[in-house]
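**Q** Quick note, our numbering runs 448 ahead of the 1-based positions in the sequence shown.
Hints in this document: simulated from the structure, not taken from any laboratory. Careful: at least some of the hints might be erroneous.
Cross-link-like lysine-lysine pairs, in silico, DSS-like; alpha carbons within 27 Å at most [what the hints assert, rightly or not]:
#	residue 1	residue 2
1	K654	K776
2	K631	K797
3	K502	K475
4	K475	K797
5	K455	K776
6	K776	K797
7	K776	K630
8	K630	K597
9	K776	K631
10	K502	K470
11	K597	K455
12	K502	K455
13	K797	K597
14	K654	K630
15	K631	K654
As the structure is a prediction and not an experimental result, all values here were calculated from the model.
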Amino acid sequence: AEGEVAKLNPLASHRYLVRGGKLRAIKPNPLSLLTTGALTWGDRFSALREYASKSAFVAPEDESMRALFERRFGAPMVDAVFEAMFQGIFAGDLNELSVRSCLPALSGAEQRHGGVLRALMAAPKAEGGKPGLFSFTRGLGVIGEYAAKRVPHTCGVEVAEVTTTAAGVSVRSVDGRTFAAKKLVLACEAPATAPLLASLAPQTAKELAAFDYAPVSLVQWTERTPGEARLPRGFGYLAAPREQLFALGMLFIGDLLDGGQRRFSSLVGGALQRDRAALPDDQLIEGVSADVQRLTGGVVGEVHRVVRYPRAVFQPKVGHLDALARAKAGLAGLPIALAGSYCGGAAMKDAIAAGFEAVA
Numbered sequence: 449a450e451g452e453v454a455k456l457n458p459l460a461s462h463r464y465l466v467r468g469g470k471l472r473a474i475k476p477n478p479l480s481l482l483t484t485g486a487l488t489w490g491d492r493f494s495a496l497r498e499y500a501s502k503s504a505f506v507a508p509e510d511e512s513m514r515a516l517f518e519r520r521f522g523a524p525m526v527d528a529v530f531e532a533m534f535q536g537i538f539a540g541d542l543n544e545l546s547v548r549s550c551l552p553a554l555s556g557a558e559q560r561h562g563g564v565l566r567a568l569m570a571a572p573k574a575e576g577g578k579p580g581l582f583s584f585t586r587g588l589g590v591i592g593e594y595a596a597k598r599v600p601h602t603c604g605v606e607v608a609e610v611t612t613t614a615a616g617v618s619v620r621s622v623d624g625r626t627f628a629a630k631k632l633v634l635a636c637e638a639p640a641t642a643p644l645l646a647s648l649a650p651q652t653a654k655e656l657a658a659f660d661y662a663p664v665s666l667v668q669w670t671e672r673t674p675g676e677a678r679l680p681r682g683f684g685y686l687a688a689p690r691e692q693l694f695a696l697g698m699l700f701i702g703d704l705l706d707g708g709q710r711r712f713s714s715l716v717g718g719a720l721q722r723d724r725a726a727l728p729d730d731q732l733i734e735g736v737s738a739d740v741q742r743l744t745g746g747v748v749g750e751v752h753r754v755v756r757y758p759r760a761v762f763q764p765k766v767g768h769l770d771a772l773a774r775a776k777a778g779l780a781g782l783p784i785a786l787a788g789s790y791c792g793g794a795a796m797k798d799a800i801a802a803g804f805e806a807v808a
C-alpha cells in the first residue's frame with residue numbers, strides 16, 4: 449500500500465569493507481572496483497585482467513564460488529574482498545557454496561559473457577535496470593499482514609503429522625486438530641519439513657534433512673550520544689575472516705530509512721564461526737565492542753537485545769540443485785509442493801518467487 453514502501457536513504461549506497469584493519473568505502477557496482485580504497489593496486493590489476501581476458505572456458509556443471517573467483521581474480525583478491533562480500537549474503541564458506549545455486553547469473557559466465565565482470569555488467573540490462581533499493585516502513589512483517597487479510601488462515605498451530613487422503617491431504621496438529629485440503633504447500637525451512645515427510649516421502653525427507661544452515665546472532669544497539677561510535681554513515685560494513693574481527697560485519701540500520709538516531713546491528717557467527725554465534729550475550733557484546741574500538745576508536749552505546757538465529761542462512765552447497773531436484777522428485781504423485789529459502793536465492797524476492805512457484 450502507498451506509504452508502506454520506502455526507498456532507502458541515498459546513504460545506503462555508501463558501503464564499507466574492512467581492509468588492513470580499516471574501513472574502506474566501496475559502492476555496489478563493478479566499476480567501483482577500480483576506484484575504491486578497499487582494493488590494492490594488485491587487486492585492481494587482477495580485476496582489469498579479468499575483464500580484458502575474455503574466455504570461453506567451460507566450467508564444471510556446478511563449482512564452488514571460490515573455484516570460480518580464484519580462477520578469474522586470483523586467491524589474494526578472493527581472500528580479502530570476495531570472502532567479505534559474500535559473508536554479508538550467505539555467511540558461508542566459499543569452498544562449499546555453489547555458483548550455480550548462489551549466483552545463477554555467473555554460472556557459465558565465461559562461456560556466455562567471457563568473464564565474471566562482463567556478466568555482472570550485463571545483468572542489470574537483462575533485468576531492465578534496477579530502480580533502487582526499497583524496504584517497508586514497518587518491516588518485512590507487513591508481507592505476512594497483507595497476506596493474512598486475503599487468505600483464510602489459522603495461526604499458532606504446531607503441526608505433528610501430514611498424511612494423504614483420497615481427497616488430498618490431512619494435517620494433524622499436536623493438540624489433536626485436523627485440517628483437510630486438496631493440496632498442500634510446505635513453506636517451512638528444511639529442518640522443519642523433513643520430519644513431516646519422513647513416512648510419506650522418505651527420499652525427500654532424507655535430502656531435506658541433509659541441508660545445512662549457518663547460525664547468526666545479532667547484537668542490536670544504539671549510540672547514547674551522537675558520534676560516539678565514530679562509524680561513517682552508510683549501509684554498513686563487512687569483514688573477511690583474514691581481518692580477524694569478532695563479527696562478520698554490521699548494518700547501520702538507522703542510516704537506511706530515516707537517518708535519525710544511529711541504530712546498529714552487528715552480525716556474529718556464520719558457517720565459518722558457528723561456535724561464536726552460540727556464545728553468551730556478554731561475550732557477544734564484548735566481542736562487538738572490541739571490533740568498534742579497533743576499527744574507529746569509538747564505543748558501542750546502549751545494547752537493546754541479542755537475537756539468535758541457530759539456522760539463519762541456508763547454505764546452497766555444490767550439488768544443491770541436484771539434491772533439490774531429487775527432493776522434489778520424491779513428491780511425485782503427491783499433492784504436496786515445497787517452498788523455502790532452499791528453493792531459490794538469498795534475497796526476499798527469491799523467497800516470494802519460490803512461494804508463487806509452489807502454488808502454481
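**Q** Each hint: holds or not?
**A** Taking the hints in turn, this is what the structure says about them:
1. Restraint check for K654 and K776: the C-alpha separation of about 12 Å stays at or below 27 Å, so the hint holds.
2. For the suggested pair K631 and K797, the alpha carbons sit about 24 Å apart, so the restraint of at most 27 Å is met.
3. For a cut-off of 27 Å, the pair hint linking K502 to K475 stands: about 24 Å separates their Cα positions.
4. Among the hinted pairs, K475 with K797 is consistent with the structure: their alpha-carbon atoms are about 22 Å apart, no more than 27 Å.
5. Taking the CA atoms of K455 and K776, the gap is about 37 Å. The hint is violated against a cut of 27 Å.
6. About 21 Å separates the Cα atoms of K776 and K797, which keeps this hinted pair within 27 Å; it holds.
7. Taking the CA atoms of K776 and K630, the gap is about 18 Å. The hint holds against a cut of 27 Å.
8. Of the supplied pair hints, the one linking K630 and K597 holds, its CA atoms being roughly 22 Å apart against a limit of 27 Å.
9. Proposed proximity of K776 and K631 is supported: the alpha carbons are some 15 Å apart, at most 27 Å.
10. Our distance criterion of 27 Å between C-alpha atoms is broken by K502 and K470, whose separation comes to about 33 Å.
11. At roughly 25 Å between alpha-carbon atoms, K597 and K455 fall within 27 Å of each other, so this suggested pair holds.
12. For the hint pairing K502 with K455, the CA-to-CA distance comes to about 37 Å; that exceeds 27 Å, so the pair is violated.
13. With a CA separation close to 20 Å, the supplied pair K797 and K597 stays within the 27 Å bound.
14. This hinted pair checks out: K654 and K630 have alpha carbons roughly 25 Å apart, not beyond 27 Å.
15. For the hint pairing K631 with K654, the CA-to-CA distance comes to about 22 Å; that is within 27 Å, so the pair holds.
The structure fails hints 5, 10 and 12 (numbered hints given earlier, in ascending order).
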